[in-house]
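Q: Sequence:
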Amino acid sequence: MRFSEIQWDSPEERDLFMQEATELLASLEEGALMASPPLDALFRAAHTLKGSGGMVGLTDWVTAAHDLEDALDKVRQGARQFDEDLQKETLHTVDVLRAELAGAAPMSSGDETVVWELTWDKNAPMLGVRAYQAWQSVSAAFPGTQSDPPEAELSGWTGTTSRLRVPKSAEASKVRALLAEIDNLVSVDVVRGPEGSGEDAKAIPAVSTSAPVTGSAPREGTIRIGAASLERILEGLGELLLDQGQLEHHFGGSADQATRSVLDHMRRRALDLQDLTLRARMLPLDTLFRQYPRAIHDMAKQLDKKIRLETQGGETELDRLVMDRLHEPLLHLLRNACDHGIESGEVRVAHGKPEMGTVRLAAYAAQGHVHVRVEDDGGGIEWDRLREKAVRQGWMSAEEALHASTDRLSELLFRPGVSTAEKVTDLSGRGVGLDVVKAFLDEIHGTITVESDLHKGTAFHLELPMTMAIMTALIVDAGPWTIGLPILTVERIDVAQQAGISTVLGQTAVPDDDAPIPVYSLAQLLDPTAAHEDTYLIRVKDGRTQAALAVDEVRGQQEVVVKPVATLASVTPWLSGVALLGDGRLALMIDVRRLVPSTRTDRERVHDDGILRAGSNQMELLVFQLSDGQRYGINVYKTREVLRAAEVTRVPEQHGWLYGFLRLRGQTVPVVSLHRALGLPEPGPDAVMLMTEFNQSVQAFPVDMVDRMVRVSWDRVEPLPPVLDTAVSGRRRFTGLIDHPELGPIQLIDFEQILEQVAPPEYPPVKADIHSPITGKTVWLADDSRVALNQVEKALHPLGLQVRTFADGEALWEAVEKAESLPALFVLDVEMPRLDGYTLTQRLKHEARTHEIPILLHTSLSGHWHADRAQQVEADAIVTKFDPAMLARTVAGLLLPVSAHHESVPMLS
1 MRFSEIQWDS
11 PEERDLFMQE
21 ATELLASLEE
31 GALMASPPLD
41 ALFRAAHTLK
51 GSGGMVGLTD
61 WVTAAHDLED
71 ALDKVRQGAR
81 QFDEDLQKET
91 LHTVDVLRAE
101 LAGAAPMSSG
111 DETVVWELTW
121 DKNAPMLGVR
131 AYQAWQSVSA
141 AFPGTQSDPP
151 EAELSGWTGT
161 TSRLRVPKSA
171 EASKVRALLA
181 EIDNLVSVDV
191 VRGPEGSGED
201 AKAIPAVSTS
211 APVTGSAPRE
221 GTIRIGAASL
231 ERILEGLGEL
241 LLDQGQLEHH
251 FGGSADQATR
261 SVLDHMRRRA
271 LDLQDLTLRA
281 RMLPLDTLFR
291 QYPRAIHDMA
301 KQLDKKIRLE
311 TQGGETELDR
321 LVMDRLHEPL
331 LHLLRNACDH
341 GIESGEVRVA
351 HGKPEMGTVR
361 LAAYAAQGHV
371 HVRVEDDGGG
381 IEWDRLREKA
391 VRQGWMSAEE
401 ALHASTDRLS
411 ELLFRPGVST
421 AEKVTDLSGR
431 GVGLDVVKAF
441 LDEIHGTITV
451 ESDLHKGTAF
461 HLELPMTMAI
471 MTALIVDAGP
481 WTIGLPILTV
491 ERIDVAQQAG
501 ISTVLGQTAV
511 PDDDAPIPVY
521 SLAQLLDPTA
531 AHEDTYLIRV
541 KDGRTQAALA
551 VDEVRGQQEV
561 VVKPVATLAS
571 VTPWLSGVAL
581 LGDGRLALMI
591 DVRRLVPSTR
601 TDRERVHDDG
611 ILRAGSNQME
621 LLVFQLSDGQ
631 RYGINVYKTR
641 EVLRAAEVTR
651 VPEQHGWLYG
661 FLRLRGQTVP
671 VVSLHRALGL
681 PEPGPDAVML
691 MTEFNQSVQA
701 FPVDMVDRMV
711 RVSWDRVEPL
721 PPVLDTAVSG
731 RRRFTGLIDH
741 PELGPIQLID
751 FEQILEQVAP
761 PEYPPVKADI
771 HSPITGKTVW
781 LADDSRVALN
791 QVEKALHPLG
801 LQVRTFADGE
811 ALWEAVEKAE
821 SLPALFVLDV
831 EMPRLDGYTL
841 TQRLKHEART
851 HEIPILLHTS
861 LSGHWHADRA
871 QQVEADAIVT
881 KFDPAMLART
891 VAGLLLPVSA
901 HHESVPMLS
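Residue numbers (this note's numbering): 1 to 909.
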């Protein structure tokens with residue numbers, strides 16, 4: 001007898017059988033895919049399935065379950081191993097029995113079903129996921145519901161009309177209520193009723209069994225409640241809280257004790273109910289994760305690879321509305337990991353890896369977000385191949401692609417049509433997938449980052465909002481508007497007048513640790529003609545978007561229920577919704593990423609476009625004037641900001657070049673006189689402060705005027721004639737001279753040397769006891785600063801090293817070309833006339849004689865961006881001036897065998 005032929009005594013009996021069978025089949029499938037299958041649990045599941053089928057007369061069902069039970073019993077008795085063949089047999093039995101369940105018919109005779117036709121919004125994303133949700137929701141309430149296309153094929157479905165064949169016993173009103181909770185449905189129609197209705201419809205094929213969807217067991221003691229119903233409850237609670245807030249606002253301070261007590265009680269109870277409702281929307285990610293072991297198993301078979309899936313953090317809870325939409329993006333990432341990431345067994349063994357590849361799926365919660373990581377131990381991303389594609393597609397010039405960081409290249413992976421696969425397969429290679437992932441994350445205000453090492457593997461890190469129901473927002477006033485900013489995007493709040501606003505490359509900006517942050521008036525972003533005061537600066541960061549938004553007033557934090565405004569989405573994409581505040585005002589909820597102008601056109605233009613890439617042998621100079629009217633220059637990367645002259649606190653018995661100190665944002669900053677160091681008259685009344693950061697310290701230099709920024713090549717920098725360089729005090733004050741075609745002579749001041757004179761540093765002696773294995777080795781050192789050359793020689797001398805010095809990079813390169821023997825290590829300054837350290841490193845790494853010699857970059861510049869540039873040109877380490885102990889440890893790390901030292905050094909990899 002077949003399942004569809006059983007005459008049940010009641011619908012409840014049939015539903016109970018299907019529920020139990022679904023749970024047991026899910027347990028069998030999950031257990032069979034484990035690294036160490038739970039044999040007793042598998043045996044019990046097969047035994048129970050056999051018994052249940054026998055009780056209702058399912059002959060074929062009983063035979064299949066009995067055969068599996070016998071096989072598992074042999075394993076328990078030690079007569080057989082649970083090997084790949086038995087795993088395959090177990091999964092096949094699950095498929096067969098699940099297909100039998102999927103063919104379930106209504107109780108009465110004949111194929112009496114109701115066919116529902118679902119029409120979807122053609123412009124909506126991920127319709128396959130929506131159609132799957134519709135089938136999943138209806139089939140959970142009415143077992144035996146079938147889908148056309150079959151549910152196993154819906155993940156990649158792109159149509160606009162799907163159908164559900166629902167048992168006759170299902171109440172139409174309940175089906176409609178379930179479907180009403182699914183997004184992007186345009187219409188729902190009954191196209192064929194039960195027999196005798198006179199309505200016709202196309203036949204719906206039987207459910208495919210090629211890739212069954214794992215059923216999830218319902219939780220005991222629960223009832224189903226639709227997401228839309230929860231949403232309405234939350235909205236009602238939110239409005240109740242607003243009513244309570246309006247009452248408090250109305251009474252003000254005039255409410256008596258009893259009234260205040262009632263209002264407080266209302267608020268506490270409403271917040272408790274709101275919290276309970278939010279928890280009801282949360283589900284453990286294991287609900288989603290348990291679907292993937294079978295999917296990975298089937299992909300591995302299709303690709304003829306050995307792949308296992310490891311999961312962690314399945315207990316992490318996520319908003320059901322987010323989780324429902326997360327399935328397809330995760331499936332794309334897992335598919336990419338199996339197809340693109342994990343190599344064939346032969347390739348893995350050749351690279352010293354185990355034949356079986358591993359895909360890891362992990363989750364954890366932190367600071368209001370859920371983090372999901374999809375990682376493989378495969379071949380990694382071939383960045384050079386992606387560079388080639390970027391050039392072919394016109395996304396980058398050849399020069400840009402050559403120097404592009406992996407962070408910037410990873411952004412290209414999410415463009416539609418991008419794929420580095422060598423061939424198209426049934427799984428991937430068509431350039432479809434990662435763009436879907438990015439679209440999903442943008443829509444829910446999540447982020448994704450990529451990490452990849454060649455031959456080691458790739459990891460995609462997703463950061464998702466934990467819930468989309470209630471948002472904690474910072475409420476601000478900007479012009480005539482009340483605005484809500486997601487609190488998770490707010491980094492800090494400053495008073496605008498104290499924030500150090502300046503202009504960099506034509507963009508108003510405030511200083512930051514790594515690069516200036518662009519400043520925008522929030523009111524003017526919404527309407528360029530709006531009046532505004534811009535009293536406060538709100539620093540916000542959402543993904544890669546970072547900015548400082550000027551606002552008129554900060555009202556404080558509030559928890560708000562955000563209501564979407566779908567009709568305005570096309571004209572105001574930055575508006576994520578509106579929220580009613582306690583005082584009755586409406587707040588516009590802002591999507592920071594869509595409102596703030598493109599990060600690459602602003603922050604990175606301020607940060608990156610003005611400063612040229614590593615290896616270009618160019619730099620950007622900030623040109624300024626002193627009281628003699630001459631032009632002087634400083635590398636832009638040594639400057640933090642330009643301020644109006646501030647009050648300086650004098651200190652008695654100080655060095656003659658030190659004016660004193662000023663207080664800036666809680667920091668005490670020394671003020672050093674270039675005028676006195678160069679023997680010039682004091683600055684005029686309109687002088688400004690040049691704030692700088694180098695050699696791990698911050699200091700200010702008064703200058704008469706900041707002129708402009710110019711781009712120059714290091715090969716145009718010539719040493720200043722000694723007679724001019726030492727004319728003032730008999731000591732060197734300049735690192736070089738540039739004859740600019742428009743501005744004329746620009747003198748480059750040796751700021752490090754001047755700072756050394758004002759405050760000679762005291763360094764602890766370098767110990768030599770652990771460095772004996774490198775005694776006698778030769779180091780070539782290039783630096784245009786005599787102070788730096790002297791300091792480095794002193795630091796390396798106790799190590800027993802022979803140091804040969806060069807006045808600039810070009811001099812060292814010329815010596816390399818002529819030398820018969822080469823050093824064990826190069827130590828290079830970054831800023832040098834004629835040939836800078838980045839370009840010299842690039843040359844040395846591409847020269848056959850020197851490419852294996854380690855290179856240490858020794859620079860006064862600070863910030864992670866310089867470490868990134870050093871990595872681009874393949875430097876082995878970078879150390880900021882001047883820390884003799886760190887320099888010595890790093891040199892030891894580059895010259896000693898790994899076993900000969902144990903201290904941490906800043907290596908680049």
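Hints are supplied without guarantee of correctness; some may be wrong.
Here are the computed lysine to any residue pairs in the SDA-like style, where the Cα-Cα straight-line distance is at most 20 Å [as the list claims (entries may be wrong)]:
hint : residue 1 : residue 2
1    : 301       : 262
2    : 122       : 443
3    : 777       : 820
4    : 794       : 689
5    : 306       : 375
6    : 818       : 798
7    : 306       : 89
8    : 541       : 493
9    : 74        : 91
10   : 638       : 573
11   : 301       : 91
Now the in silico label distances, taken between C-beta atoms and shown as ranges [to be verified]:
hint : residue 1 : residue 2 : range
12   : 188       : 347       : 49 to 59 Å
13   : 173       : 314       : 42 to 52 Å
14   : 392       : 70        : 28 to 38 Å
15   : 189       : 140       : 42 to 52 Å
16   : 311       : 811       : 51 to 61 Å
17   : 347       : 667       : 49 to 59 Å
Hint data in this document are derived by calculation from the structure and do not stem from the laboratory.
No residue lacks a Cβ here, since even glycine has one placed at the ideal position from N, Cα and C.
Q: Each hint: holds or not?
A: Evaluation of the provided hints:
| no. | hint | verdict |
| --- | --- | --- |
| 1 | 301 / 262 | 65 Å, violated |
| 2 | 122 / 443 | 17 Å, holds |
| 3 | 777 / 820 | 16 Å, holds |
| 4 | 794 / 689 | 34 Å, violated |
| 5 | 306 / 375 | 16 Å, holds |
| 6 | 818 / 798 | 29 Å, violated |
| 7 | 306 / 89 | 18 Å, holds |
| 8 | 541 / 493 | 12 Å, holds |
| 9 | 74 / 91 | 17 Å, holds |
| 10 | 638 / 573 | 39 Å, violated |
| 11 | 301 / 91 | 13 Å, holds |
| 12 | 188 / 347: 49 to 59 Å | 50 Å, holds |
| 13 | 173 / 314: 42 to 52 Å | 36 Å, violated |
| 14 | 392 / 70: 28 to 38 Å | 59 Å, violated |
| 15 | 189 / 140: 42 to 52 Å | 22 Å, violated |
| 16 | 311 / 811: 51 to 61 Å | 58 Å, holds |
| 17 | 347 / 667: 49 to 59 Å | 54 Å, holds |
Checked against the numbered hints given earlier, this structure breaks hints 1, 4, 6, 10, 13, 14 and 15; the rest are met.
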